[in-house]
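**Q** Spelled out, the chains give:
There are 2 protein chains.
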Amino acid sequence: MTQAEMGAILAPRWNADGLIAAIAQDAVTKTVLMLAWMNETALHATLKTGRATYWSRSRSRLWVKGEESGHAQRVIEVRIDCDQDAILLLVEQDGPACHTGAADCFYRMVRPDGSLERP
Amino acid sequence: MTQAEMGAILAPRWNADGLIAAIAQDAVTKTVLMLAWMNETALHATLKTGRATYWSRSRSRLWVKGEESGHAQRVIEVRIDCDQDAILLLVEQDGPACHTGAADCFYRMVRPDGSLERP
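As they're listed, the protein sequences go chains A and B.
Residue numbering for the first sequence follows our numbering, starting at 1 and increasing by one per position.
Residue numbering for the second sequence follows our numbering, starting at 120 and increasing by one per position.
For reference, chain A alone in the conformation it holds in the complex (with noise of 0.2 Å):
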């Protein structure tokens, strides 16, 4: 195994946009509340502060989640993956995590013909 997978180092491996992937999960009820990304800076922020920070890719600029709703995240714990391309971050989350409105954004499922149903 390589020293990324098995080392003590950090080293994302940065996408072409330089962003990561980076899963958002209730660090209580164990949700999946939300994927979105970070760039360097957000990640290093989210380090830093302990509040959940992203790069927005729509509105192409560092979002501190919950700046504009209130529904911010409070970062217990930041994980890495093996091959140090995508973020777990454990959160304690204000509000609903999704601007939806819905408590997560994983609000439908995808039945088997394909269709979407909201449980």
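Treat the hints loosely; a few may be bogus.
Calculated Cβ distances over 10 Å to all of chain B for the following chain A residues [to be verified]:
| hint | residue |
| --- | --- |
| 1 | Gly7 |
| 2 | His44 |
| 3 | Trp63 |
List of simulated lysine to any residue pairs, SDA-like, C-alpha gap at most 25 Å [stated by the list, open to error]:
| hint | chain 1 | residue 1 | chain 2 | residue 2 |
| --- | --- | --- | --- | --- |
| 4 | B | Lys149 | A | Leu116 |
| 5 | A | Lys30 | B | Ala135 |
| 6 | B | Lys149 | A | Asp17 |
Treat the hints as calculated values from the structure; they're not laboratory data.
Glycine included, C-beta positions come from ideal geometry on N, C-alpha and C.
Following the hints, position chain B against chain A.
**A** Frame of chain A, contents of chain B only:
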């Protein structure tokens, strides 16, 4: 809110490479196991067979999870997020999910100083 966000029609927003991020979560323990990628064929195969199928970016081919390792994922539920650019699979995992032999891929914590720790 948009039709993609509220509707019952599956309309994944594939990225420039024709892929969508897919999070696999253990349906019982709620542990986030891994993040992988799906193309349209992989998503349809997952829905049809109930066996997690991804697109391997490193090998540029369809990858039925466990086809070589035996560490398959039986899919209990498929979910899609608000803007339909991320998938969440709730799975029953056979053996370790990670190719390193770890139970899941997120086995290292990132400390605030940026060093990694294996708890």
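**Q** Please write out, lowest number first, the hints stated earlier that are contradicted by the structure.
**A** 1, 2, 5 and 6
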